[in-house]
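S.K.: Chains X and H, in that order, are what the protein sequence lines are.
Start counting the first sequence at 1; every next residue gets the next number (the numbering used here).
Start counting the second sequence at 1001; every next residue gets the next number (the numbering used here).
It is possible that some hints are incorrect.
As the list claims (entries may be wrong) - No more than 27 Å apart at the CA atoms, straight line, and that leaves these computed lysine-lysine pairs for BS3-like:
1) X:K184 to X:K93
2) X:K71 to X:K193
3) X:K93 to H:K1178
4) X:K129 to X:K111
5) X:K239 to X:K21
6) X:K137 to X:K116
7) X:K129 to X:K29
8) H:K1178 to X:K118
9) H:K1159 to X:K111
10) X:K141 to X:K184
11) X:K116 to H:K1050
12) H:K1178 to X:K111
13) X:K141 to H:K1038
14) X:K239 to X:K93
15) X:K118 to X:K193
16) X:K193 to X:K29
17) H:K1159 to X:K93
18) X:K239 to X:K111
19) X:K193 to X:K137
20) H:K1050 to H:K1038
As the list claims (entries may be wrong) - In silico negatives: residues of chain X with every beta carbon more than 10 Å from chain H:
21) V81
22) K116
23) K184
Unchecked claim - Computed Cβ-Cβ distance ranges for the label pairs, DEER-style:
24) H:P1095 to X:N235: 27 to 37 Å
25) X:E191 to H:G1086: 14 to 24 Å
26) X:G114 to H:L1262: 47 to 57 Å
27) H:P1162 to X:E2: 30 to 40 Å
Read the hints as simulated data drawn from the structure, not as lab findings.
Please read all numbers here as calculations on a predicted model, not as lab measurements.
Even glycine gets a Cβ: it sits at the ideal position worked out from N, Cα and C.
So the chains spell out like this:
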Amino acid sequence: MENKIEVLDLNAGFGSTHVLKNISINIPKNRVTAIIGPSGCGKSTFVRCLNRIHELVPSAWVNGRVLLDGKNIYDSDVDPVDIRRRVGMVFQKPNPFPAMSIYDNIAYGPKIHGMKAKLDEVVEDSLRKAALWDEVKHRLKDGPLSLSGGQQQRLCIARALAVEPEVILFDEPCSALDPVATAKIEDLILELKENYTIVIVTHNMQQAARIADFTAFFLMGELIEYGETAQIFENPRDKRTEDYITGRFG
Amino acid sequence: MNMLSRKAMDRLFTFFCIASTALAIIPLGSMLYTIFVKGFSVISIDFLTKLPTPAREAGGGFGNAIQGSFIVVGIASIIGIPLGIGAGMYLAEFPNSRLSRIVSFTADVLTGVPSIITGIFAYLLIVLRFGGFSALAGGVALATMMIPFIVRTTEEAMKLVPAELREASLALGAPRWKTSLAVVLSTARFGIITGVLLTIARIAGETAPLLFTAFNNRFWFDGVMNPVATLPVMIYTYAISPFEDWHAQAWGGALVLVAMILVLNIGIKLAAGRRW
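Required output: the full structure, derived from the provided sequences and hints.
M.R.: Dropping the structure here:
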C-alpha cells in the first residue's frame, strides 16, 4: 500500500503553546484515515498542518516534515498556494461564500487556477461528485444560503473537488448536521476514496468506525495509537485508547 | 415588593422611556415642520432650475447651488470613497501592523476634527497653491471629512465577515489579495455601501468647510478650478442677508437640502431592508 502523506516529527503550536508533539504518521493513498481524540487534543491543528492553513494564524509555528508524494511541503521552494490546491479542505461549519451564487461558489477555485475552459462542465461534474447536482441544477444562480445545512456542506465538498485536489481533509464535517445529512456525507466520503486520499477529524467514534480504514488516536497533542480501524476499536493496545473509546473520558 | 407596586414600577419606567423618546423627537419634528412651512411656498420649478437674482427682484432660484452641491459632493466622493475603502481594507486585513495602528489613530483624530479645520486644510492645500477658491478645494475639504468615516465602516464591515470564509478561500489555493477582494470585500459590500451613503448624507449639508474653499458663485458651474455655489453656503449667505425675499429663499434652499438628505436616508433604509 502506497503512502500519500508521510509526517515526520511534526511539532506545531501557537506562541508559547505547544499543541502537536513529535507526530509521525503515514497516510495511505485512496483510503480514509480518521483522527479521533478529545477536544483540544490537536486533531484540527494536525490536519491544518497538512495543507499549510495552520500557519495563517498569527503566532502559529510549525516544524518537522510533511511529505506529500515524497516531497516536503515545508521546503522553502514549495509554494503554499500550490499545496492548498492539491490538498483540499472541508470545514466544521458549512461555509459557502454567501455573496456568490451556487455556480460561482464552485467556479471560484477553478477560475483562480486558470482553469477557465469548460467551466460549466467542471461545475456540473463537481456537483455530481458531491451528490448535489440533482438538487440544485435548476437553481445554480441562487445564493447558497437558501440550501439546507447538509446541502451547504456538500456544496463545500463540491467546491473543494472543483480544483482537482489529490487529498481532501475533513475537519469534523458533520458536527453541525442532523443524522440524515450526516449519513449522506458519510456515503459520499466512501465514494470519494476511490479517487482521493481522505483524512477526517471526528468527534464521533461511531462515524470513524463506519467509514475509516485507519484510525489515529490523539491525546494532549500526542499520537497515542494508530492502526486499522477494527484493531483500534476492538483490540486497542494502549490503555488510554481503550479508556477513550469505551467512554471513560473525553 | 408586592405585585401591585411591581406593576406600578413597570408602568412608571415604560412611561419614562416613552416620554424621553417623545422629547428627543420634538426638536427634529419642529425643525422639519418649520422648514416645510416656511420653505414650501418658495419652491417652484424656477426656484429649482434658475440662477439667483439680485435682492428685491422677483423670480430666480437656487439652480446653480443645487448643481454645485452635486458637483462638490461628487468630487469629494471620487477622492474619498476609494481612499477610505482602501485604508479600511488595510486596517481589516493587517490589524496588527504598525502602520495600521497609526492609520487607526489618525482616523479617530480626523473624525473629531471640527469641520472648519478641514476647510482650513483644503484652503492651504488647494486654494493658496492654485490661487483661488474652487470646486476642487471644496471637494477636497469634504473628502477629508468623509475618509475617516468610510475607513471605519469599511473596517467594521470587513471584520464582521467570518474567518471561516477567508480560510475556505485560502484553502482552495486562492492568494490573499484575491481572497480579500473576491470573498471578504464582496461579502461585506452591503455594509460598506450603506456606510458610504450615510457618509455622503452627512457631508452634503456641511457649510463650514466650503466657506473658504468652494466659496460661492452667482452663476452656473464653470470648471473645477473656479468657485462654485453650493446649497449650504447659499443658504448661509441668504439667511444672514438683510433682505426679506432672500430670507424666504433661504428657507426654500433649506427645504431642498433637507429633502435631498431625507430621500438619501430613506433610500438607504429601504435598500438595507431588502438586502439589495
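S.K.: Run every hint past the structure and note whether it holds.
M.R.: How the hints compare with the structure:
no.	hint	result
1	X:K184 to X:K93	holds, 16 Å
2	X:K71 to X:K193	holds, 22 Å
3	X:K93 to H:K1178	holds, 22 Å
4	X:K129 to X:K111	holds, 19 Å
5	X:K239 to X:K21	holds, 20 Å
6	X:K137 to X:K116	holds, 20 Å
7	X:K129 to X:K29	holds, 19 Å
8	H:K1178 to X:K118	holds, 22 Å
9	H:K1159 to X:K111	holds, 26 Å
10	X:K141 to X:K184	holds, 24 Å
11	X:K116 to H:K1050	violated, 55 Å
12	H:K1178 to X:K111	holds, 11 Å
13	X:K141 to H:K1038	violated, 52 Å
14	X:K239 to X:K93	violated, 33 Å
15	X:K118 to X:K193	holds, 25 Å
16	X:K193 to X:K29	holds, 9 Å
17	H:K1159 to X:K93	holds, 19 Å
18	X:K239 to X:K111	violated, 50 Å
19	X:K193 to X:K137	holds, 25 Å
20	H:K1050 to H:K1038	holds, 20 Å
21	V81	violated, 5 Å
22	K116	holds, 15 Å
23	K184	holds, 20 Å
24	H:P1095 to X:N235: 27 to 37 Å	violated, 50 Å
25	X:E191 to H:G1086: 14 to 24 Å	violated, 46 Å
26	X:G114 to H:L1262: 47 to 57 Å	holds, 49 Å
27	H:P1162 to X:E2: 30 to 40 Å	holds, 37 Å
The structure fails hints 11, 13, 14, 18, 21, 24, 25 (numbered hints given earlier, in ascending order).
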